[in-house]
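Novice: As you go down the protein sequences, you meet chains A and B in turn.
Numbers in the numbering used here are just positions in the first sequence, counted from 1, shifted up by 5.
Numbers in the numbering used here are just positions in the second sequence, counted from 1, shifted up by 5.
Keep in mind that the hints were calculated from the coordinates and are not lab data.
You may find that some hints are simply not true.
Since the list gives no way to pick one copy over another, a pair counts as held whenever it fits inside one copy or between any two copies.
Stated by the list, open to error - The calculated DSS-like cross-link candidates involving lysine-lysine, where the alpha carbons are at most 27 Å apart (straight line), are: (1) 352 - 321; (2) 179 - 134; (3) 67 - 53; (4) 175 - 152.
There are 2 protein chains.
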Amino acid sequence: MNRTHVVIMAGGIGSRFWPMSSPEMPKQFIDVLGCGRTLIQLTADRFKEICPAENIWVVTSKDYADLVREQLPQIPSEHILLEPCRRNTAPCIAYVCWKIKTLNPKANVVISPSDHIVIDTTEFNRVVKGALKFTADSDAIVTLGMKPTRPETGYGYIEASLALTSPSNKEICKVDSFREKPDLPTAERYIQKNNYFWNAGIFIWNVNTVINALRVYQPELSAIFDELRSVFFTPAEQAHIDERFPLCPNISIDYAVMEKADEIFVYPASFGWSDLGTWGSLHETSSKDAQGNVCIGTNIQMYDSRNCIIHTTQEKKVVIQGLDGYIVAEKNNTLLVCRMSEEQRIKEFSAETSK
Amino acid sequence: MNRTHVVIMAGGIGSRFWPMSSPEMPKQFIDVLGCGRTLIQLTADRFKEICPAENIWVVTSKDYADLVREQLPQIPSEHILLEPCRRNTAPCIAYVCWKIKTLNPKANVVISPSDHIVIDTTEFNRVVKGALKFTADSDAIVTLGMKPTRPETGYGYIEASLALTSPSNKEICKVDSFREKPDLPTAERYIQKNNYFWNAGIFIWNVNTVINALRVYQPELSAIFDELRSVFFTPAEQAHIDERFPLCPNISIDYAVMEKADEIFVYPASFGWSDLGTWGSLHETSSKDAQGNVCIGTNIQMYDSRNCIIHTTQEKKVVIQGLDGYIVAEKNNTLLVCRMSEEQRIKEFSAETSK
Numbered sequence: 006m007n008r009t010h011v012v013i014m015a016g017g018i019g020s021r022f023w024p025m026s027s028p029e030m031p032k033q034f035i036d037v038l039g040c041g042r043t044l045i046q047l048t049a050d051r052f053k054e055i056c057p058a059e060n061i062w063v064v065t066s067k068d069y070a071d072l073v074r075e076q077l078p079q080i081p082s083e084h085i086l087l088e089p090c091r092r093n094t095a096p097c098i099a100y101v102c103w104k105i106k107t108l109n110p111k112a113n114v115v116i117s118p119s120d121h122i123v124i125d126t127t128e129f130n131r132v133v134k135g136a137l138k139f140t141a142d143s144d145a146i147v148t149l150g151m152k153p154t155r156p157e158t159g160y161g162y163i164e165a166s167l168a169l170t171s172p173s174n175k176e177i178c179k180v181d182s183f184r185e186k187p188d189l190p191t192a193e194r195y196i197q198k199n200n201y202f203w204n205a206g207i208f209i210w211n212v213n214t215v216i217n218a219l220r221v222y223q224p225e226l227s228a229i230f231d232e233l234r235s236v237f238f239t240p241a242e243q244a245h246i247d248e249r250f251p252l253c254p255n256i257s258i259d260y261a262v263m264e265k266a267d268e269i270f271v272y273p274a275s276f277g278w279s280d281l282g283t284w285g286s287l288h289e290t291s292s293k294d295a296q297g298n299v300c301i302g303t304n305i306q307m308y309d310s311r312n313c314i315i316h317t318t319q320e321k322k323v324v325i326q327g328l329d330g331y332i333v334a335e336k337n338n339t340l341l342v343c344r345m346s347e348e349q350r351i352k353e354f355s356a357e358t359s360k
Numbered sequence: 006m007n008r009t010h011v012v013i014m015a016g017g018i019g020s021r022f023w024p025m026s027s028p029e030m031p032k033q034f035i036d037v038l039g040c041g042r043t044l045i046q047l048t049a050d051r052f053k054e055i056c057p058a059e060n061i062w063v064v065t066s067k068d069y070a071d072l073v074r075e076q077l078p079q080i081p082s083e084h085i086l087l088e089p090c091r092r093n094t095a096p097c098i099a100y101v102c103w104k105i106k107t108l109n110p111k112a113n114v115v116i117s118p119s120d121h122i123v124i125d126t127t128e129f130n131r132v133v134k135g136a137l138k139f140t141a142d143s144d145a146i147v148t149l150g151m152k153p154t155r156p157e158t159g160y161g162y163i164e165a166s167l168a169l170t171s172p173s174n175k176e177i178c179k180v181d182s183f184r185e186k187p188d189l190p191t192a193e194r195y196i197q198k199n200n201y202f203w204n205a206g207i208f209i210w211n212v213n214t215v216i217n218a219l220r221v222y223q224p225e226l227s228a229i230f231d232e233l234r235s236v237f238f239t240p241a242e243q244a245h246i247d248e249r250f251p252l253c254p255n256i257s258i259d260y261a262v263m264e265k266a267d268e269i270f271v272y273p274a275s276f277g278w279s280d281l282g283t284w285g286s287l288h289e290t291s292s293k294d295a296q297g298n299v300c301i302g303t304n305i306q307m308y309d310s311r312n313c314i315i316h317t318t319q320e321k322k323v324v325i326q327g328l329d330g331y332i333v334a335e336k337n338n339t340l341l342v343c344r345m346s347e348e349q350r351i352k353e354f355s356a357e358t359s360k
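Just chain A, with the same shape it has in the complex:
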């Protein structure tokens, strides 16, 4: 029996990728890269060597249940857990880990977002396997830390104690502190040192470690799932979850556990990771033409244009002339043209449009 379980968190609404992404169809369910696979499909594909499909779990919103079933038919439908409302990552992780422990108290768990990308899946696999080996029989919590390539202000950082490496895996070292998204001068200071890493939101720990940590740091949250244990895997489960899940505190696993616990480790790695949190990060990640344009769509012509990202549906014809550094995105009868440098305002634009 394979002890390894993978949890894919897929409840996000992707508001920064409007209009490509919308609350009805967030970005994890979209073929953002134009490669023929959606982000959640690419995420599941990435774990093929880590565990069999029947050990993969998806936690998502009730609204997206059909999307998950449709896009990931290989995953057992009883492994698709449905949140009645959004409560950030700690309740999500608690719910799925309490269930996994019921099935296998010795489970070793990878927690992963559904909407990030990884270019070098071979290195990704090597790192994840190394981390799983490390947590299988220890109470360590391992986070994956991405070696930063630029002073990104959109990511949280992990400060590592590089000298405090683990005896069993010299690549893994102790976390000194978690740092919130920095301003630009701070980010520039971070990347001049060699012990700051981007927090990729990927956690590896065994299921007992998860539950023990939540019991210590989030007793209220833990109590809810302790009480629910008797209904897990019964027809009554969803009704109980619908009633009790909204009572969970709205808190991220970083705040709930990582910033409080002691035995936190970071595995610094480089495997071409991006959270694709912004159009700019998609532009940076994607392959560009000689003028630095990223064109995702089948019939896009660019004239006198540079450093743009154009994203349209398959059948759309697009002619762009004379743009430098713009996002042009079209979906669901909605068109956005916006300077890439102003993309943090897209949430505001989409809110105005839906009024």
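Please arrange chain B on chain A, whose structure you already have, making use of the hints.
Specialist: Same frame as chain A, now just chain B:
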């Protein structure tokens, strides 16, 4: 019996307004201004005071017959003449005038494009009526000359002899010469004088004058319609036209007659005319917001943008941020974003797209 007939030429393909305008749906059949009436409907409306609907004629391509019937149901269907191919304006005018003369040898005719706009229809009516009075019983050819407001290089110019006014109408004077579209220094020279006017492509003359002029200057063309006269208004007419019309020389009425004949007059006028030949002219003509943007569509939001023209179908949602001096147009699943200063390249773009 009203002697006045109005001819609306509606065979153009509007290639400069792509993608709003396409060969399947050229701009005369589109509600370019977003006012609820297409350009050809506005053109027909403009002549309401000049003659009854049963004296209006439309010459168009066979491809657009249904569009004309649908948009101008008040016009007798036997007044919708169908060209089997495009042969510029001289054969078009010959065909319709030969037919009008058969019905009424004393007809007095206004020839008008279908895709221009006029803001001040009261002044337009006054000028057209004045010109019709002038040509009713003379062999004068009157062109309407627009008082220029800028050194436009996209229009032909009419050089007038302001001293040689007509005794019967002091506003009308002799044409000295027709000038082709000038370069910018030449256009600037023209508008510093007071005797250069834009050629609006609107001609007023009686039907005998038209036919006599064509007989003198275009005997080959005239021979074709002399021969066809016996089939006019018979079921065989279209078949004969389909056979003989392609043999007509491909020539504009300006080259064919205006630049050769002697008795050419110009009626200088100002009634807010534009040929809407370009996106720029539509931008100039339309009402703008405080930032100089023209938004034609129902759900368009502009942020940090100036001097743009945005043209979309009714149901489209559009958000534009950070554009200055651009055309954004969307139709038939085709999107164009182009600097207004580069709009002369739109023909090229549309040709590439349809490959």
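Novice: Does each hint hold? Answer for all of them.
Specialist: Comparing the hints with the structure gives:
1. 352 - 321: Both. Shortest intra-copy (24 Å) and inter-copy (19 Å) distances satisfy the 27 Å Cα cut-off.
2. 179 - 134: within (18 Å within a copy, 92 Å between copies)
3. 67 - 53: Within one copy only: 25 Å inside, 61 Å across.
4. 175 - 152: within (16 Å within a copy, 84 Å between copies)
Of the numbered hints listed earlier, not one is contradicted by the structure.
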